[in-house]
Amino acid sequence: MFLSVFFGVLFWVATLVLVLGIAYKVFIYWKVPAPLKIPTTPAPLTKRGVWVRMFKEVTLFYSLFRSNKLLWVLGILFHYALALIILRHVRYFQENVWLVIDIVQPFGKYAGFLMVIALIGLLLRRILIDRVRYITAPSDRAMLGLLILIGISGLTMKFVSHTDILMVKTFFIGLRTFSFHPLPADPFLIVHLTLVATLMLIFPISKLMHAPGIFFSPTRNQVDNPREKRHLSRWAKKLETQDKLYLHELDK
Amino acid sequence: MFSKFLSVTSSLLLLVFLVGVSGCGNESPQIESKITKALKKFDTEEQNTAHKAEMRKYHMDHLKHKRDLTMYGGIRTAEDSLKGCIDCHVPAPEGDKVVRHTDPEHFCTTCHAYASVQIDCFQCHADHPDKPESATATANNASMDKNLGIVADDSTSKTSTEVTAQ
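Quick mapping for you: the protein sequence lines, in order, are chains A and B.
For the first sequence, the residue numbers in this note's numbering are 24 to 275.
For the second sequence, the residue numbers in this note's numbering are 8 to 173.
These are calculated hints, taken from the structure and not from any lab test.
Each residue gets a CB set at the ideal place from its N, CA and C atoms; glycine is no exception.
Among the hints, a few may not be true.
[Said to hold, decoys possible] Footprint (simulated), chain A over chain B, 3 or more residues, beta carbon under 8 Å:
1) 78–91
2) 116–123
[As the list claims (entries may be wrong)] Among the chain A residues that face chain B by a calculated CB cut under 8 Å, a handful are:
3) 189
4) 193
5) 265
[Unchecked claim] Lysine to any residue pairs mimicking SDA-like chemistry, simulated, CA-CA at most 25 Å apart:
6) 64/B to 54/A
7) 64/B to 178/A
8) 54/A to 101/B
9) 230/A to 46/A
10) 181/A to 116/B
11) 59/B to 146/A
12) 132/A to 18/B
13) 71/B to 18/B
14) 73/B to 57/A
15) 41/B to 54/A
16) 138/B to 101/B
17) 54/A to 14/B
18) 71/B to 175/A
19) 44/B to 59/B
20) 181/A to 18/B
21) 64/B to 46/A
22) 41/B to 116/A
23) 181/A to 89/B
24) 41/B to 46/A
25) 181/A to 138/B
26) 41/B to 187/A
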């Protein structure tokens with residue numbers, strides 16, 4: 024019972040931190056001024072073009088493809104495998120599982136191997152390539168290590184030492200109404216859940232915030248129309264209407 | 008800015024906690040009550056608990072081990088046979104009422120649907136026991152063969168549809 028209450032509270036807190044933390048970070052991203060018109064050219068000339076560019080960027084990692092093929096291969100492999108795995112895990116949180124989730128089950132199962140392989144590749148890249156190792160921070164290795172361990176503990180549960188998934192599902196469904204149902208005391212499950220909760224807790228303060236962050240990159244989300252339409256932020260416009268100059272404001 | 012964030016977060020936390028406590032229930036999991044009871048009973052409660060704990064995690068490993076022994080090793084024993092599971096966990100047909108693996112009350116399907124795990128066993132194997140009387144069992148086999156397009160194999164000398172080929 025201690026186990027289920029501990030993990031119940033842990034996952035409630037982790038979920039709140041994840042959701043509120045990301046919301047707060049996105050709020051900050053929203054507020055940060057983008058004073059310059061700096062889309063990376065060739066850039067789309069219309070707003071619809073920007074949507075297309077963003078879509079290509081998010082789904083195909085288009086600019087990464089043009090700059091670094093190795094990282095692109097590993098990155099796209101990891102991200103799509105992760106997407107399948109997350110879809111597969113949705114079954115633990117739905118009382119009546121959707122058809123899509125049913126269909127994705129076997130794909131998500133083997134995507135686990137792809138994800139771990141891609142992550143090990145990404146880690147090796149940071150260790151073996153000198154120029155990449157030089158700019159690698161401890162947090163880069165930590166995030167990769169965390170994800171690798173989550174993947175391995177999950178795969179172990181699927182293919183080697185099973186756990187009672189019915190109990191796990193009952194536990195997570197029960198959490199919605201704060202009723203703490205018992206969790207199976209299997210070591211790999213405990214490791215898996217602890218690591219996932221850790222990931223959720225540090226997500227909002229980690230490099231993984233590139234997920235929402237990509238949408239706020241001024242080099243990607245701006246229309247290339249500096250001549251047709253003057254790029255003027257709200258605060259700059261306010262100064263202008265008061266006949267003030269930004270540089271003079273700085274001197275005050 | 009950060010203290011504002013903290014205050015918003017803590018107040019939301021409090022809200023969630025209050026909502027949670029007000030909706031706090033200790034109702035037993037729905038799924039447990041839906042699972043069909045087995046026909047036979049263990050002598051002691053411990054045996055029952057041990058059986059549940061083992062089978063909920065490892066039933067597929069047992070069945071696959073059994074399959075490998077039978078198919079590759081030619082060792083055919085009564086232990087861990089799928090037919091044994093089905094005979095105890097799925098009620099025998101009564102008249103026209105046959106519990107099939109497509110029905111939600113089928114012992115296997117209840118959990119498998121809940122956990123979104125596909126069952127492939129019953130594309131070949133029988134998903135319910137034979138009818139109690141052997142006379143009707145043959146008739147039942149015949150009708151099943153018609154329905155499923157499978158051929159009964161009587162080499163085991165039992166009127167079983169478990170060992171069949173497509």
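Now the hints, each set against the structure:
1. Evaluation of the coverage hint for the stretch 78–91 of chain B: breached, as 0 residues show C-beta separations to chain A shorter than 8 Å, against a requirement of three.
2. Beta-carbon proximity to chain A at under 8 Å applies to 5 residues in the stretch 116–123 of chain B; the threshold of 3 is reached and the given coverage holds.
3. The interface hint given for residue 189/A is met, as the beta carbon of that residue sits about 6 Å from the closest beta carbon of chain B, less than 8 Å.
4. With 8 Å as the threshold, the beta carbon of residue 193/A comes within range of chain B, its nearest partner Cβ sitting at about 4 Å, so the hint holds.
5. Because the beta carbon of residue 265/A sits about 26 Å from the nearest beta carbon in chain B, more than 8 Å, this interface hint is broken.
6. Annotation: proposed proximity of residue 64/B to residue 54/A is violated, straight-line Cα distance about 50 Å (limit 25 Å).
7. Proximity of residue 64/B to residue 178/A is assessed by CA-CA distance (about 15 Å); at most 25 Å being required, the pair is judged to hold.
8. Taking the CA atoms of residue 54/A and residue 101/B, the gap is near 70 Å; set against the 25 Å cutoff, the hint is violated.
9. The suggested pairing of residue 230/A with residue 46/A holds, with an alpha-carbon distance near 15 Å, which does not exceed 25 Å.
10. The suggested pairing of residue 181/A with residue 116/B holds, with an alpha-carbon distance near 20 Å, which does not exceed 25 Å.
11. Proposed proximity of residue 59/B and residue 146/A is contradicted: the alpha carbons are some 41 Å apart, above 25 Å.
12. Note on residue 132/A and residue 18/B: the hinted pairing is violated, with a Cα-Cα distance of about 39 Å set against a maximum of 25 Å.
13. Taking the CA atoms of residue 71/B and residue 18/B, the gap is about 53 Å. The hint is violated against a cut of 25 Å.
14. About 66 Å separates the Cα atoms of residue 73/B and residue 57/A, which puts this hinted pair outside 25 Å; it is violated.
15. The suggested pairing of residue 41/B with residue 54/A is violated, with an alpha-carbon distance near 52 Å, which exceeds 25 Å.
16. Annotation: proposed proximity of residue 138/B to residue 101/B holds, straight-line Cα distance about 8 Å (limit 25 Å).
17. Straight-line distance between C-alpha atoms of residue 54/A and residue 14/B comes to about 20 Å, which keeps the hinted pair within the 25 Å bound.
18. For the hint linking residue 71/B to residue 175/A, the alpha-carbon distance of about 23 Å falls within 25 Å, and the restraint holds.
19. Taken as a hint, the residue 44/B and residue 59/B pair is honoured in the structure, with Cα atoms around 12 Å apart against an allowance of 25 Å.
20. Pair hint residue 181/A plus residue 18/B does not hold up; C-alpha atoms about 39 Å apart against a cutoff of 25 Å.
21. Restraint check for residue 64/B and residue 46/A: the C-alpha separation of about 39 Å exceeds 25 Å, so the hint is violated.
22. Between residue 41/B and residue 116/A the CA atoms are separated by roughly 18 Å; this keeps the pair inside 25 Å, and the hint holds.
23. Among the hinted pairs, residue 181/A with residue 89/B is consistent with the structure: their alpha-carbon atoms are about 22 Å apart, no more than 25 Å.
24. A hinted pair counts as satisfied when its Cα atoms are at most 25 Å apart, and residue 41/B with residue 46/A does not qualify at roughly 40 Å.
25. Only pairs whose Cα atoms come within 25 Å are accepted, and residue 181/A paired with residue 138/B is rejected, the gap being roughly 37 Å.
26. Restraint check: the Cα-Cα separation between residue 41/B and residue 187/A comes to about 17 Å, which is no more than 25 Å; the hinted pair holds.
Of the numbered hints stated above, those contradicted by the structure are hints 1, 5, 6, 8, 11, 12, 13, 14, 15, 20, 21, 24 and 25, listed in ascending order.
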